[in-house]
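Going down the list, the protein sequences come from chains A and B. Position one of the first sequence corresponds to residue 2 (this note's numbering), numbered consecutively onward. Position one of the second sequence corresponds to residue 943 (this note's numbering), numbered consecutively onward.
FYI, nobody ran anything at the bench for these hints, they're computed from the structure. A quick note: this is a predicted structure, and the numbers were derived from the prediction, not measured. From the three backbone atoms N, C-alpha and C, an ideal C-beta is built for every residue, glycine too. Mixed in with the good hints there might be a few duds.
Claimed, not checked - Partner residues aside, some chain B positions facing chain A, computed with beta carbon under 8 Å:
1. N987
2. W991
3. D993
4. P999
5. Y1005
6. L1010
7. V1011
8. M1023
9. G1027
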Amino acid sequence: MRHLYTWSGILIVVFFSVVGDILIARAMKQVGDVHAIVRRSGVWTVVGRVLSNSNFFLGVTAMAVAFFSLLFALSWGDVSLVAPAAASLTFIGNAFAAKIFLHEKVDRRRWIAAVLVAAGVALLAG
Amino acid sequence: MLSHGMKQAGNISIHHLQGVILAILNPWVAVGIVLLLAFFASYMNALSWADLTYVLPATSLGYVLLALVAKFALHEQVSPMRWLGIALISGGVGFVAGGPALTAQHPDANSKSPLLAKEARSGVPGHASAASTGAES
């Protein structure tokens, strides 16, 4: 039963982390290349565009939910399982979600990178 | 820095939330929060011109940096498994860095005029609306 709680917590953290990352990435693609906008119309234009983007606020909210879910998950399971599992599964989940929702071309090179980084983070965070 | 500062600030209970305000006034915690905000601004800047699957592996170099600081500045013991983790992350970042930074088409990004944006959307039927609906669901 405790395992079920722990893994449910981990999956909730991963879900909201991925949703947050996807929404923030989507928001920044809608804002456009920050360097180009700053050169053309100044830094306040970038700030205005970011703060008027609904995806940005939804993304930050999802990231905040992910953070508090992590605190709950840590109270249900061991930190040596929850922290590396949540961190590494987020990398894999993001690769799937970026392909589906952001239409990124996740080729073999990027899949290998996602798996290597996920394994590396699991070893470092564990 | 956050960890160091919060240990200095002491335990915070749910009944004494003013402890949180005092913790923010701790210089270590304040500097930690400023650095986190700087990280988030840099992360968003990178996402404005590169793919999420390109930026995310690169941010994981932070784990590598943390382990190296722990080893050489704090003189902590880094186990062989952690060295293997560092090697895997470095290899993964090397893999993704060899490819293009941006692959996705975003017709609604950085449009100079509503007319151009409309033309771009009509050029790829259903792409922009499907992407935004998917991301918001």
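(message) Taking the earlier hints as the rules, which of them does this structure contradict?
(response) Hints 6, 7 are the ones this structure does not satisfy, whereas the remaining hints hold.
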